[in-house]
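Participant: Sequence:
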Amino acid sequence: MSTELDLLAGKATSLVQEVRQNLDDLMAGCRSLQHPTPSGIKENTVTRTLQSSKHLPQSAVVRVSKADVDQLATETMMLKEFLPKLLTPDVLGSFSTLTQREQEVWALRKERETIEKELEHLRRRNESLKAEFEQEKQEKFSAKCEVNDLQQQLSQQADYCTSMGAACCTLLWRVSRQEESIHSILSGSKVKDLLQLGASTLQSYLDTYTNETLPNDTSLESQFVLALCGTITNVAASAYGRNFLSTNEEGQALIDVLCTALAEAPTGAECSKLKRLLLVTLYNISINQSGLHYLTSKPDLMRTLVWRLRDESDSANLLHIMRLLQSLILEPDNAGTVAQALEAVPLSLLQHLTNLPHQEVREMALELISDIQSLKMPH
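For the sequence shown, my numbering assigns the number 13 to the initial residue and increments by one for each residue that follows.
It is possible that some hints are incorrect.
Calculated lysine-lysine pairs in the DSS-like style (CA-CA distance at most 27 Å, straight line) [stated by the list, open to error]: (1) 388 - 310; (2) 142 - 156; (3) 78 - 92; (4) 142 - 152; (5) 285 - 204; (6) 310 - 285; (7) 204 - 310; (8) 129 - 142.
It is worth saying that the hints were derived from the structure and are not from the lab.
Make a model of the complete structure from these sequences and hints.
Facilitator: The following block contains the structure:
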């Protein structure tokens with residue numbers, strides 16, 4: 013594109029110069045005709061002597077015939093007549109137009125040079141950016157490979173920790189079945205870490221699978237969580253253990269997580285074992301006076317139990333829910349919880365449970381109906 017512009021600019025400049033030269037020649041001829049110089053024409057010949065004839069050789073003198081002079085005079089007269097007609101004001105005004113066009117061509121050439129400089133600058137900048145892009149692309153690829161390696165290592169470490177945790181907690185679950193083992197566990201220096209681990213692990217487990225199906229019970233992750241919850245259940249099964257959980261700060265924080273987990277756990281059958289452990293643990297804690305007082309301070313627990321009673325399909329879990337409800341409402345000096353239970357637990361729901369095929373569930377539902385009705389009777 014720049015080569016074509018150069019050619020066009022060169023042609024335009026040449027044409028302008030040629031036209032200017034022609035017009036200059038015509039104007040000079042016109043002025044010489046309007047002011048002729050005295051001629052030295054004689055009768056037969058006309059001799060023209062140059063200004064420096066005395067310094068020139070004889071060949072510098074030219075002889076012209078009269079016929080040629082007459083013809084030249086005729087042509088001169090014709091030029092005098094027709095030249096003013098040819099050199100009209102429009103033609104003479106074209107000088108300024110040519111000058112203007114010449115300036116425009118010069119300006120365009122300067123503009124083209126400026127654009128070429130900018131283009132060259134942009135070209136160099138483009139090459140620099142390409143080099144930077146390739147470098148960043150390579151660095152990004154290297155970082156991505158490193159991240160993939162780290163993710164793989166992290167996944168392997170997580171699997172290893174989960175496997176170790178599942179194995180250790182399974183052994184601890186079995187050991188915690190013995191009463192004397194509970195004292196050893198709670199009197200150790202790591203009991204605070206154990207309770208914090210149980211709370212954080214259970215909460216993280218449910219948060220991870222909030223919108224997803226929980227892994228099956230055979231997975232290492234589920235085994236780890238179930239074994240940890242089972243250990244806490246066994247701790248709460250002993251009088252010393254449930255009193256420790258109810259009065260210890262870390263134990264109370266763990267109870268809060270158990271109540272939250274019971275509300276957030278999925279309703280499907282894949283979570284039945286976990287909910288069973290949670291319900292049994294809370295029931296064991298409610299046997300202790302301090303534990304009962306702490307549980308009744310949770311206003312959402314009663315609503316959670318009633319909701320679970322409506323949606324639960326596992327008969328064992330239904331039985332544990334009603335036992336926990338009974339434990340919460342039948343204790344003395346618990347008027348607030350009794351009023352809340354009378355308002356929250358509809359008798360129609362319990363009547364429906366009396367029609368289920370499971371005998372223990374029917375008997376427990378009838379017993380709970382009787383307890384609630386006795387509470388409604390004035391004393």
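Participant: Next, verify each hint and record whether it holds.
Facilitator: Tested hints:
Taken as a hint, the residue 388 and residue 310 pair is honoured in the structure, with Cα atoms around 23 Å apart against an allowance of 27 Å. About 21 Å separates the Cα atoms of residue 142 and residue 156, which keeps this hinted pair within 27 Å; it holds. Of the supplied pair hints, the one linking residue 78 and residue 92 holds, its CA atoms being roughly 21 Å apart against a limit of 27 Å. At roughly 15 Å between alpha-carbon atoms, residue 142 and residue 152 fall within 27 Å of each other, so this suggested pair holds.
For the hint linking residue 285 to residue 204, the alpha-carbon distance of about 25 Å falls within 27 Å, and the restraint holds. For the hint pairing residue 310 with residue 285, the CA-to-CA distance comes to about 24 Å; that is within 27 Å, so the pair holds. Pair hint residue 204 plus residue 310 holds up; C-alpha atoms about 23 Å apart against a cutoff of 27 Å. Under the criterion of a C-alpha separation no larger than 27 Å, the hint pairing residue 129 with residue 142 is consistent with the structure, at around 20 Å.
In this structure, every one of the numbered hints holds.
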